[in-house]
Amino acid sequence: MHELSITQSILDIVSEHARRAGARRVLAIQLVVGELTGFVDDSIQFYMDMLSPDTLAAGARLAIRRVPAQVRCRACGQEFGPQELNWACPHCAAVGGEIVSGREFQVESIEVE
Amino acid sequence: MNRPTRIPVVQGILSANDQIAAQNRELLGRHHILVINLMASPGSGKTSLILRTIDALHDRQRVGVIEGDIASSVDADRVATRGIPVVQINTGGQCHLDAPMVQRALTQLPLDQLDVLIIENVGNLICPVDFQLGENLNVMIASVPEGDDKPYKYPGIFVAVDAVVVNKVDLLPYVHFDMTAFCKLVAGMNPDVRIFEVSCETGQGIAGWARWVAEQRQPWAKRGQGVT
Numbered sequence: 206m207h208e209l210s211i212t213q214s215i216l217d218i219v220s221e222h223a224r225r226a227g228a229r230r231v232l233a234i235q236l237v238v239g240e241l242t243g244f245v246d247d248s249i250q251f252y253m254d255m256l257s258p259d260t261l262a263a264g265a266r267l268a269i270r271r272v273p274a275q276v277r278c279r280a281c282g283q284e285f286g287p288q289e290l291n292w293a294c295p296h297c298a299a300v301g302g303e304i305v306s307g308r309e310f311q312v313e314s315i316e317v318e
Numbered sequence: 507m508n509r510p511t512r513i514p515v516v517q518g519i520l521s522a523n524d525q526i527a528a529q530n531r532e533l534l535g536r537h538h539i540l541v542i543n544l545m546a547s548p549g550s551g552k553t554s555l556i557l558r559t560i561d562a563l564h565d566r567q568r569v570g571v572i573e574g575d576i577a578s579s580v581d582a583d584r585v586a587t588r589g590i591p592v593v594q595i596n597t598g599g600q601c602h603l604d605a606p607m608v609q610r611a612l613t614q615l616p617l618d619q620l621d622v623l624i625i626e627n628v629g630n631l632i633c634p635v636d637f638q639l640g641e642n643l644n645v646m647i648a649s650v651p652e653g654d655d656k657p658y659k660y661p662g663i664f665v666a667v668d669a670v671v672v673n674k675v676d677l678l679p680y681v682h683f684d685m686t687a688f689c690k691l692v693a694g695m696n697p698d699v700r701i702f703e704v705s706c707e708t709g710q711g712i713a714g715w716a717r718w719v720a721e722q723r724q725p726w727a728k729r730g731q732g733v734t
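In order, the protein sequences belong to chains A and B.
Under this note's numbering, the first residue of the first sequence carries the number 206, and numbering increases by one thereafter.
Under this note's numbering, the first residue of the second sequence carries the number 507, and numbering increases by one thereafter.
In case anyone wonders, no lab produced these hints; they're calculated from the structure.
Heads up, simulated SDA-like pairs for lysine to any residue below, C-alpha to C-alpha not over 25 Å straight-line:
#1 B:K659 to A:I304
#2 B:K659 to B:C601
#3 B:K659 to A:R270
#4 B:K659 to A:R277
#5 B:K690 to A:A280
#6 B:K659 to B:D575
#7 B:K690 to B:A666
#8 B:K690 to B:Y660
#9 B:K690 to A:N291
#10 B:K659 to B:Q600
#11 B:K659 to A:Q275
#12 B:K659 to A:R308
#13 B:K690 to A:E240
#14 B:K690 to A:R308
#15 B:K659 to A:A299
#16 B:K690 to A:F285
#17 B:K690 to A:R279
#18 B:K659 to A:V305
#19 B:K659 to A:T242
#20 B:K690 to B:A713
#21 B:K690 to A:A299
#22 B:K659 to A:A293
#23 B:K659 to A:P295
#24 B:K659 to B:D698
#25 B:K690 to A:A293
#26 B:K659 to A:D247
#27 B:K690 to B:L678
#28 B:K690 to B:Y658
#29 B:K659 to B:A693
#30 B:K690 to B:I712
#31 B:K659 to A:L209
#32 B:K659 to A:H296
#33 B:K659 to A:N291
#34 B:K659 to A:I269
#35 B:K659 to B:R700
#36 B:K659 to B:V681
#37 B:K690 to A:G282
#38 B:K659 to A:E240
#39 B:K690 to A:C297
#40 B:K659 to A:V245
I would like the entire structure built from these sequences, with the hints used as guidance.
Take a look at the structure:
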């Protein structure tokens, strides 16, 4: 459900930057979405189709780059990608650590003309 | 502009929410109020924990509550029986609270008369954690009947909270829940997290939890000294 308000925020950001650039229309929107956030690609696309027709972003291609979770092991300092059921470090077997990436949720760039 | 041009944006999609959350945090900080964002799945005991916390803190801290629900005011009605300030937010279907909703609710609370504000988020383990409200502490409840595998399924919230309250421990004899494995897993994902084992039914563990909440407010209270 919250992808509706999220998609509106994306459109606001995109429209603002497109206007500032003097663009006639937005061809593509590149998002970055971390694995640890709760945002669903299909759902964002669905609401984009619904909300964008009267905006500069009407018909824009939505590309989503997923960023996998990366954790820095507290014990040995090496970085690893936790698997769904396994947060143990593959190097030293200690469990967990500091999250290095996976919480991103950004508009990375737009393509305009 | 005719040829396709790529414009770097690099802007957080939730930046508008985060800015209002920062305003909320600033306003509440000025009133030296400790703000707890309480998250959990439906039926885990959020309102029961709030009631227990109010009772345990009543002679030490003045507590206010914001109740977030998709619909109805049954939770706010329960809290109001304690005679403390409470505001109900109905999100109208939205699965989480956001900073603008909390901003509006704050205008209905007597901020000068509060030490601790507990915000009960909508029952959900996924989206609430992505939306800052202006809180100082994020706390989640994991209840025993939900099972000990929740950290695997919802890592996003377990890595983001300051404390996990394990509720309904009075049901441990009847439900499969490996407390040792659960605590080890949670501590592994989030080494600084505090874990409290409580039962809102029997009151077990509530004193320790309430003591921790009161301790968390100390920095705010001290900052308040000398300020009129």
